[in-house]
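One line per chain: the protein sequences are A and B, in this order.
The first sequence: position 380 = 379 (numbering that gives the first Met the number 0), numbered continuously.
The second sequence: position 64 = 63 (numbering that gives the first Met the number 0), numbered continuously.
Since the hints were made in silico from the structure, they are not lab data.
Small disclaimer: the values here were computed from a predicted structure and weren't measured.
Glycine included, every Cβ here is placed at the ideal spot set by N, Cα and C.
Some hints could be false.
Said to hold, decoys possible - Covered stretches of chain B, as calculated for chain A (at least 3 residues, CB under 8 Å): (1) 230–240; (2) 439–446.
Said to hold, decoys possible - Restraint ranges, calculated between C-beta atoms of paired labels, are given here: (3) B:R52 to A:E418: 16 to 24 Å; (4) A:T272 to B:D357: 51 to 59 Å; (5) A:T272 to B:G187: 26 to 34 Å.
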Amino acid sequence: MTAYEKKVFWIFPLVIAGLSFLFFQLFYPYHLFLKEQIRLFLYTPDYFLSYFNKPAWLASYIGDFLTQFFYLRGGAAILSLIFVLEWLLGAMVLRNLLPSGKVFVWALLLVIADWILHCDTLHSVAVSIGFILTLALFLVYTIASNRWLALISGVVFALIGYWLAGSSFLIFPILVLALDLKKGKVRLPEWLLNGVIVFSIPLASRHHFLLTPIQAFIFPAFNVRSALLPGAFIVALSSVLFLEKIEIRYSRFTNILIPFTFISLLIAGIMTTANFNFEKILSLDGETYFGNTDRVIGLSKQYNLKNKQATYFTNIALARKGVLPEYLLDFYQPFSNGLIPPVTPEESWQSIFVSNEVFFLIGDMNMAQHSAMLGNTFSPYQRSSRMMRRLAEINLVNGDSAAATKYLRILSKTLFHREWADSQLKMIQSSESNNWLTSKRRLLPNSDILRKSNDYLSSLQFLVEQHSDNAVAVDYLLCYLLLNKDLKSFRENYDRYCLKINRPVPKVYAEALLAQLVTDGASQQEALSYSINPETVKWFAEYTRIFEQTSGDINALNKQFAKSYWFYYHFATIQKK
Amino acid sequence: MRAYLIGYLIAVVIFSCSGPENVKISQEFPPVYPDYIGVTIPQNISPLNFLLRNHPEKLIVTIKGKSDSITVKGEQKIEIPIGHWTNLLTSSLNDSLTVQVLIRLNGEWIQYKSFQWHVKSDKIDSYLSYRLIEPGYEVWNKLQIVERNVGNFDERVLVDNNLTKGSCMNCHIHGNQNGRLSMFHLRGEKGGTILNRDGKLRKINTRGKGMISNAVYGDFHPGGRYAVFSTNIIIPELHANRTDQLEVYDTASDLVVIDLDSDKAITKPFLSDTTAFETFPVFSADGKWIYFCSAPRVVLPDSIKSLKYNICRVGFEAAKGEIGTKVDTLWNAKKMGGSVCHLKASPDGKFLLYTVADYGTFPIWHREADLQMMNLQTGEVDKLKGVNGPNSDSYHSWSSNSRWFVFASKRDDGIYGKPYFCYIDASGKAHKPFVLPQRDPETYDNMLKSFNIPDLSDSPVAFDAADIEKVYMDQEAEQVK
Numbered sequence: 000m001t002a003y004e005k006k007v008f009w010i011f012p013l014v015i016a017g018l019s020f021l022f023f024q025l026f027y028p029y030h031l032f033l034k035e036q037i038r039l040f041l042y043t044p045d046y047f048l049s050y051f052n053k054p055a056w057l058a059s060y061i062g063d064f065l066t067q068f069f070y071l072r073g074g075a076a077i078l079s080l081i082f083v084l085e086w087l088l089g090a091m092v093l094r095n096l097l098p099s100g101k102v103f104v105w106a107l108l109l110v111i112a113d114w115i116l117h118c119d120t121l122h123s124v125a126v127s128i129g130f131i132l133t134l135a136l137f138l139v140y141t142i143a144s145n146r147w148l149a150l151i152s153g154v155v156f157a158l159i160g161y162w163l164a165g166s167s168f169l170i171f172p173i174l175v176l177a178l179d180l181k182k183g184k185v186r187l188p189e190w191l192l193n194g195v196i197v198f199s200i201p202l203a204s205r206h207h208f209l210l211t212p213i214q215a216f217i218f219p220a221f222n223v224r225s226a227l228l229p230g231a232f233i234v235a236l237s238s239v240l241f242l243e244k245i246e247i248r249y250s251r252f253t254n255i256l257i258p259f260t261f262i263s264l265l266i267a268g269i270m271t272t273a274n275f276n277f278e279k280i281l282s283l284d285g286e287t288y289f290g291n292t293d294r295v296i297g298l299s300k301q302y303n304l305k306n307k308q309a310t311y312f313t314n315i316a317l318a319r320k321g322v323l324p325e326y327l328l329d330f331y332q333p334f335s336n337g338l339i340p341p342v343t344p345e346e347s348w349q350s351i352f353v354s355n356e357v358f359f360l361i362g363d364m365n366m367a368q369h370s371a372m373l374g375n376t377f378s379p380y381q382r383s384s385r386m387m388r389r390l391a392e393i394n395l396v397n398g399d400s401a402a403a404t405k406y407l408r409i410l411s412k413t414l415f416h417r418e419w420a421d422s423q424l425k426m427i428q429s430s431e432s433n434n435w436l437t438s439k440r441r442l443l444p445n446s447d448i449l450r451k452s453n454d455y456l457s458s459l460q461f462l463v464e465q466h467s468d469n470a471v472a473v474d475y476l477l478c479y480l481l482l483n484k485d486l487k488s489f490r491e492n493y494d495r496y497c498l499k500i501n502r503p504v505p506k507v508y509a510e511a512l513l514a515q516l517v518t519d520g521a522s523q524q525e526a527l528s529y530s531i532n533p534e535t536v537k538w539f540a541e542y543t544r545i546f547e548q549t550s551g552d553i554n555a556l557n558k559q560f561a562k563s564y565w566f567y568y569h570f571a572t573i574q575k576k
Numbered sequence: 000m001r002a003y004l005i006g007y008l009i010a011v012v013i014f015s016c017s018g019p020e021n022v023k024i025s026q027e028f029p030p031v032y033p034d035y036i037g038v039t040i041p042q043n044i045s046p047l048n049f050l051l052r053n054h055p056e057k058l059i060v061t062i063k064g065k066s067d068s069i070t071v072k073g074e075q076k077i078e079i080p081i082g083h084w085t086n087l088l089t090s091s092l093n094d095s096l097t098v099q100v101l102i103r104l105n106g107e108w109i110q111y112k113s114f115q116w117h118v119k120s121d122k123i124d125s126y127l128s129y130r131l132i133e134p135g136y137e138v139w140n141k142l143q144i145v146e147r148n149v150g151n152f153d154e155r156v157l158v159d160n161n162l163t164k165g166s167c168m169n170c171h172i173h174g175n176q177n178g179r180l181s182m183f184h185l186r187g188e189k190g191g192t193i194l195n196r197d198g199k200l201r202k203i204n205t206r207g208k209g210m211i212s213n214a215v216y217g218d219f220h221p222g223g224r225y226a227v228f229s230t231n232i233i234i235p236e237l238h239a240n241r242t243d244q245l246e247v248y249d250t251a252s253d254l255v256v257i258d259l260d261s262d263k264a265i266t267k268p269f270l271s272d273t274t275a276f277e278t279f280p281v282f283s284a285d286g287k288w289i290y291f292c293s294a295p296r297v298v299l300p301d302s303i304k305s306l307k308y309n310i311c312r313v314g315f316e317a318a319k320g321e322i323g324t325k326v327d328t329l330w331n332a333k334k335m336g337g338s339v340c341h342l343k344a345s346p347d348g349k350f351l352l353y354t355v356a357d358y359g360t361f362p363i364w365h366r367e368a369d370l371q372m373m374n375l376q377t378g379e380v381d382k383l384k385g386v387n388g389p390n391s392d393s394y395h396s397w398s399s400n401s402r403w404f405v406f407a408s409k410r411d412d413g414i415y416g417k418p419y420f421c422y423i424d425a426s427g428k429a430h431k432p433f434v435l436p437q438r439d440p441e442t443y444d445n446m447l448k449s450f451n452i453p454d455l456s457d458s459p460v461a462f463d464a465a466d467i468e469k470v471y472m473d474q475e476a477e478q479v480k
């Protein structure tokens with residue numbers, strides 16, 4: 000190493016590890032949680048063997064093994080470690096190819112590329128591991144001391160590289176060429192042989208691995224953007240090669256320009272790829288999954304997102320606390336789509352993935368199971384630790400111990416869900432129960448109906464008919480009707496289910512009742528029977544006065560009444576895309 | 000140091016070679032999974048590898064035949080060597096193998112009550128095809144149709160929808176239990192019914208003029224020229240109670256015969272009117288009859304529990320390509336108190352196998368759905384008590400010698416269907432079924448897909464997933480007239 004390299008060498012891994020850890024831990028952790036949830040890593044022989052059904056088996060197995068650690072709150076450390084390894088190996092490879100003093104700097108391009116890629120939910124650790132394996136294999140190749148050993152090892156690696164590492168291995172012939180150029184001895188036939196083998200194997204093997212042509216050339220990645228990583232290496236290599244003289248001549252200038260460019264690239268890449276809005280939604284989802292209800296509400300207030308999914312999790316949190324009808328309109332409500340989002344082929348896999356939460360909450364176990372099955376089926380890898388857990392819970396509630404055992408047995412073969420699964424299995428075996436199960440089971444329906452999977456109103460009505468003390472279902476039904484502006488049905492159902500409940504009339508219900516009582520021409524005595532807060536009545540009167548005075552001018556009412564049901568009723572409209 | 004090491008190694012060898020001591024004799028059968036206790040197996044089946052559910056520390060299994068035996072050791076599961084297994088079966092034809100299970104559990108050796116495997120010389124067809132699909136059915140993502148050699152653990156993917164733009168595929172069947180004649184439906188933009196005749200693949204758009212849908216459930220005529228299909232408008236809905244999940248019913252269904260040589264559709268008005276639902280047609284073994292399920296139309300979904308299908312038959316004249324006019328009822332749903340679907344006639348013409356549920360036409364999600372078998376000569380119905388399990392049993396298919404049939408059963412967990420084989424002896428008696436063996440007996444525990452529509456054939460089909468991709472992408476569909 001040069002003196003410069005010795006001076007700066009130790010700074011790099013610290014900076015890479017530190018900054019990337021801070022970024023993914025503080026600004027992007029929920030993407031990592033989701034990556035673990037859409038995976039199911041099992042410690043069984045047949046699970047290991049299943050990796051041989053596709054190329055990049057080693058990269059995928061190691062990648063998925065590491066991904067399970069995203070379950071932990073400090074899972075970002077895994078990515079930091081990967082980035083440091085990429086940088087180190089990248090620098091070593093560049094060093095082998097070119098005698099530049101700045102290889103450790105140029106190798107940062109790999110970290111930047113992979114960092115940007117990891118901002119995408121579907122970019123897997125397997126792609127990074129595949130790239131690391133490619134670099135490692137090349138370093139082993141460079142050890143070959145003579146021509147024949149190089150030829151043999153080149154052919155062997157060409158044959159097995161794609162099988163081990165996947166699409167990243169496609170840069171191997173380029174590395175071999177670069178090495179030969181450095182040595183001043185390009186043996187074209189040997190290089191061509193290597194190149195032909197490497198580039199033809201994906202196509203030649205794609206039917207064996209059941210991949211389309213594009214998939215064969217990008218596997219284990221999901222999209223072609225993953226080429227950014229090997230692409231970054233080619234850029235680094237080219238830069239070292241072609242800019243070496245400029246670097247030497249204008250070293251002071253380049254010492255500033257290169258880091259500045261890299262930082263700009265990283266920031267630009269993050270800003271264009273990272274979806275911080277989606278990260279916010281994932282934080283609401285994540286905290287819902289973890290059961291941190293108060294945190295969900297706090298985050299929702301902080302974010303103030305006008306987003307159906309954000310509202311979905313907020314409503315779940317409010318309902319869990321029993322305050323849905325109190326604070327419903329303190330948050331953005333896209334009609335009833337924020338209560339029970341439609342699950343249609345047009346929805347994203349992530350929407351389908353979380354759709355079971357509301358059904359599980361309100362006690363519709365069949366809809367919850369249906370949604371969880373769909374969530375698993377449409378998740379990127381069709382095996383999800385989160386869906387396994389939910390399916391186990393649903394069947395525990397249903398008392399279907401055989402089905403619950405199926406899912407629990409699977410989870411008992413994982414690292415982080417094993418303990419919970421084993422405790423549930425023990426409970427089944429001893430026929431025990433617990434308070435949570437007892438309360439959930441109490442609300443199971445006693446009779447049956449048939450309904451379409453998207454007929455949420457029928458589902459809600461059925462649930463509350465079966466158990467009118469299912470307060471969460473009652474609130475969801477009433478809020479569903481209110482958000483769809485069906486005040487007549489709202490009042491009918493309120494009368495049927497809420498008059499018996501001993502609680503102050505929640506704010507949104509009170510506002511809606513007042514509006515409907517006026518429409519129905521109810522008598523004063525009838526109105527009084529609802530025990531609506533007199534302040535709400537005064538407020539209604541004031542709203543009505545201003546509305547009539549201004550002929551329903553939204554601007555006149557917005558400031559004072561934006562969070563009232565009357566304002567929602569008069570002015571909320573669905574915007575069609 | 001060296002002496003200590005040698006002494007240690009000797010001790011390890013001695014102690015690991017020492018046999019079980021103070022063995023406790025149990026009067027119970029071992030808790031094996033899958034349930035292979037007392038099953039009847041064909042001579043050409045792959046090894047019945049199993050595991051013990053009580054997680055022993057050591058497991059020793061001895062399988063004794065007339066003149067041979069195997070001892071296999073493991074911890075919680077065993078993998079029987081296939082070569083030795085094959086020899087053992089061959090030397091025990093029409094006899095029984097005795098299986099002794101010895102375990103070490105919490106330091107204690109326990110010998111369980113031994114059980115039998117009854118080996119039959121009647122072979123089962125060597126290939127089993129099935130669709131692997133998540134148990135949602137009305138939606139799909141990744142699907143495959145797979146062909147498995149039942150004599151070993153070799154599996155081959157025949158169709159993978161990753162290569163056909165995510166299209167749905169279903170209802171794969173063989174003609175005469177033979178790999179040279181088969182078909183399945185491939186849906187989607189470039190889809191069609193893929194007909195395989197001696198390895199030559201054709202894509203047929205089976206929705207002819209006036210038909211309510213493309214072909215759905217079907218069967219080949221034994222002559223191979225014709226195929227009979229139902230056409231269905233299928234509606235899925237969800238139950239609300241905890242025991243039932245999905246309900247699927249038809250709002251319309253009709254029957255049609257297609258001449259596969261001329262792509263001509265043949266039907267009769269009474270098989271496509273709106274007063275009744277006709278579905279699940281199959282040809283009789285001699286091709287002279289079409290058996291099908293028929294139910295009078297009811298208002299759906301309100302009267303779903305009144306929707307009950309009979310077994311009917313109508314004549315078919317292959318030489319003229321004509322359907323008869325007289326319909327007989329062989330099984331009266333009202334009288335019998337159930338609803339039938341999935342008819343399958345045995346190749347020897349003796350039996351008709353079908354599924355009975357309380358109502359409806361989609362028994363996969365009906366836990367009470369059971370197989371029944373009608374003797375076509377006497378009309379007697381065998382309720383197959385020793386065959387049916389808890390949860391749904393359905394989607395069966397015969398082996399070419401009519402001695403075996405395979406069916407999909409959800410008996411394990413009520414959700415994931417697995418293929419079970421059942422032996423019918425010469426007197427027509429059904430024996431205890433067993434699940435398709437897997438190399439690793441934990442495979443079923445870890446699987447998140449159902450084995451759907453298991454279908455037997457005596458030979459492999461001549462195409463694979465690459466061929467289907469080509470047909471899907473490049474071949475134009477012939478149009479049924």
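- Task: Just pull the numbers of the violated hints for me, sorted ascending.
- Result: The structure conflicts with no hint, since it agrees with every one listed earlier.
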